[in-house]
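There are 2 protein chains.
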Amino acid sequence: WVWSQFQRLLSAGESAFVMTLVGVIIGINAALISIVTKWLSDIKMGYCADGWWLNQQFCCWEVDSDEEFCSSWHPWSTVTAARWLLYVIFAGVFAFVAAHLVRTMAKYAAGSGISEIKCILAGFVMQGFLSFSTLVIKSITLPLVIASGLSVGKEGPSVHVACCIGTVVANWFQKFSRSQGKMREVITAASAAGVAVAFGSPIGGVLFSIEEMNHIFRIKTMWRSFVCALVATFTLSVMNPFRTGKLVLFQVTYSRSWHFFEIIFWVILGIFGGLYGAFVVKLNMQAAAFRRKHLANHGVAEAVVLAVLTAMVGYFNRFLRIDMTEMMSILFRECEGGGDYNNLCQQSVQWSMVNSLLLATIIRMGFLVISYGSKVPAGIFVPSMAIGASFGRMVGIIVKAIYLTNQQSGIFSSCDPDLPCITPGTYALLGAAAALSGVMRITVTVVVIMFELTGALTYILPTMIVILVTKAVGDFIGTRGIAEETIRFN
Amino acid sequence: WVWSQFQRLLSAGESAFVMTLVGVIIGINAALISIVTKWLSDIKMGYCADGWWLNQQFCCWEVDSDEEFCSSWHPWSTVTAARWLLYVIFAGVFAFVAAHLVRTMAKYAAGSGISEIKCILAGFVMQGFLSFSTLVIKSITLPLVIASGLSVGKEGPSVHVACCIGTVVANWFQKFSRSQGKMREVITAASAAGVAVAFGSPIGGVLFSIEEMNHIFRIKTMWRSFVCALVATFTLSVMNPFRTGKLVLFQVTYSRSWHFFEIIFWVILGIFGGLYGAFVVKLNMQAAAFRRKHLANHGVAEAVVLAVLTAMVGYFNRFLRIDMTEMMSILFRECEGGGDYNNLCQQSVQWSMVNSLLLATIIRMGFLVISYGSKVPAGIFVPSMAIGASFGRMVGIIVKAIYLTNQQSGIFSSCDPDLPCITPGTYALLGAAAALSGVMRITVTVVVIMFELTGALTYILPTMIVILVTKAVGDFIGTRGIAEETIRFN
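Sequence order for the protein chains is Z and C. Just so we're aligned, residue 965 is where the first sequence starts under our numbering, counting upward by one. Just so we're aligned, residue 965 is where the second sequence starts under our numbering, counting upward by one.
I should point out that these hints are in silico values taken from the structure, not numbers from a laboratory. Careful, some of the hints might be misleading.
[As the list claims (entries may be wrong)] With a straight-line Cα cutoff of 27 Å, these simulated BS3-like cross-link-like pairs (lysine-lysine) come out: (1) C:Lys1071 - C:Lys1184; (2) Z:Lys1246 - C:Lys1184; (3) Z:Lys1008 - Z:Lys1082; (4) Z:Lys1082 - Z:Lys1002; (5) Z:Lys1184 - C:Lys1184; (6) Z:Lys1071 - Z:Lys1184; (7) Z:Lys1184 - C:Lys1246; (8) Z:Lys1184 - Z:Lys1146; (9) C:Lys1184 - C:Lys1082; (10) C:Lys1184 - Z:Lys1082; (11) C:Lys1184 - C:Lys1246; (12) Z:Lys1257 - Z:Lys1246; (13) C:Lys1002 - C:Lys1184; (14) C:Lys1257 - Z:Lys1184; (15) C:Lys1082 - C:Lys1257; (16) C:Lys1246 - C:Lys1257; (17) Z:Lys1082 - Z:Lys1071; (18) Z:Lys1146 - C:Lys1257; (19) Z:Lys1257 - Z:Lys1071; (20) Z:Lys1184 - C:Lys1071; (21) Z:Lys1246 - Z:Lys1082.
[Unchecked claim] Take a look, some chain C residues computed to stay more than 10 Å from chain Z by CB distance: (22) Gly1092; (23) Ile1167; (24) Glu1175; (25) Thr1197.
For every residue, glycine included, the Cβ atom is placed at its ideal position computed from N, Cα and C.
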């Protein structure tokens, strides 16, 4: 009896050990990818005199405020036009290197990888898709692609990389390498950890592995995902790649709660999310068909052209110029207390702001449709959220303008006249949730991720309402999520 | 084709309509239960001269501060001893009425009901368990039991009531009343809504219905749970029973984050949670065996004796005297900014505070073991959390005392000497999570519920670590959750 107990413990211990090991490696890998991405993004603008390996943040570590001049950081040139040219050239070079590496060394590293992983979990066998070479190449090319400024995100590829790590590590252990079922469990857990480290959202990762990855789910698998996501997030937090001690990407605190009449505008955002999802999925499939027909052998050139175009056009819009996550953290903020980037909150320029945001929404959508699916690692999570956020903020500013001109009107009667009634930042948050839910067709996961990303506790109910509408619109139109559509296309 | 589309839409519409209707009724019912509970709890202490139907809060609505004297609210007597006696008598009367109603009108209304619902979802048929009479009697007796001060919670019964509502409503529709499978889906969704309204935690409800209620789960059911929980929470929020506009039970904001060395103490809390769970489940099963043997026909007398005893003993501990949710919201708070209830934060009385908290932990545990399972509606969620919170706060105060006497020691080197390093409130939060997870053996749900209850975003990782340890300890000891043990016992 003692022996059988010991064996049982050993077997349980082995599983726990493998999950922990996978989690630790995923965490370390994610931290390294973050550091390299930041450095590559900054090198487009200039270099650090104290050491070429420092990014702008670390180079200027001792300079306190953003206002002060940082003497160690040198822009490449003092002429604006030259700076812009170098920016575009760097974008092209990064895209070229990434596409070339993918083309020559690991074809499977292209795209987001989530649809293929869904196939593998459903029982298909794809030799080499979760191999060590895919892992290495995708980890190297992902920072290059993000830094090149292409309208793609790092979350999908991050899940793929995590699943590669899971497979590679589990293959070292006989218990896992012999059993397809156990291997699938490891892959599911690793996908949870991948989302967890990409968003800093461990519970969101667990739910993602439930909602998106499997159609039928066992409680035991959930527990494995929990452990793996926890370990990976904790490792990332110990590594602390940004030295801020924070995992939360864009923490916001809303000092005011919502009003019931705002439900009308949430419905609008929800409808936008549903339409956005259907539209992007449809156009992206057409782009994929076009790509297969005409660009099959020009993957590298395609990526370079896209990167150069994105860099050239994006430079002229104040919201496309900056990084997507940075843009979102600006758009989510309340106006009070330092949220006034580039006069975003000034009433005098509200219509020009609406204009900028609408342009940003449309242009980014266009680039996303043609970029997602090109032959480089490319995710669709963050770009979708960015598009939703710019649209939502636009709606928020319009609603605020309507309120300010009709303060006495009936529907605004629940507003306290002494306080700001409408918070445009919350509309950006809800818009981001709607777009993400619309394109991936996931629901509970989106609520948890948005909530872990921002900590906006009072906005859980509004987020759920928006996602309810998005899901209803999506079901009515009848499109599937982009991952499923990609599976059917292939 | 048009006709088949129309039929499809109608069928989808019918399901959505039923889910919405169930959600609305659950929300309304929960709001009514809350209002009655508050009124009954207050009537033990005194009455309102402006109208007997007002509770203390509404009676004193116009009095701003807690310090000011509220002239409309009259305590029953000016003599302390008489007040205490009336308090105990009221407790006894409430318990008697509740137990008598349950005994004569609906036997199934006793207990928490969660274990039976798990059986029903697994395919057993229990005639009358989810009937209209159970619904009515449980809704009436639940406020009485809570107001009587018994060491039991309203969350388990609230799930049972929600499932009754789901069954009763769904039986009006042929589509559901004919199909066992569809009925189970409605019950699952209703259980999600029950947790959602009890805690004000919609996503926690959805996860509860995944993790606790089913062993294998379909994504479509999750979506139904989502809708039902959303509608119920929204209805509750519109009803706004406490006129505070808040659903969050104990919102806390921690101004400081955690340190890595605190992981040692989290492990202690996790071990406590695991041991607590095993201990309570084991003793409660013994109490149930004793009850079945000796008290089978004395259910009413038993409940009255328990209520009177609880009221008599509880009066002499400063943490047992007040309401459980009130106690938790006090224990979770940071000391800075008004968290100093009854000198809780004063260093001079820290050891007497530790003493009080330890006593509160042990006494409440004793009462919980003998009260849970008596013949009145009784849940185990909130008492477990309260026990965990008092134990956690005790650990927190001890850790703080250790820190203050050994500030120079190695493990505290990461503390900033100018700031308070240890926040005892966070230990209370983690202790509550550990105890809840230990007794119910649920994991992800607990993280989400704690998080939706308090909004403590930075403490997700610590909560996950604590629950990991709790789960490991529980698995090592080998006990099941209390719901499963109750099933086996019956």
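Hints not upheld, ascending by number: As far as the earlier hints go, 1, 3, 4, 6, 11, 13, 14, 18, 20, 23, 24 and 25 are violated by this structure, in ascending order.
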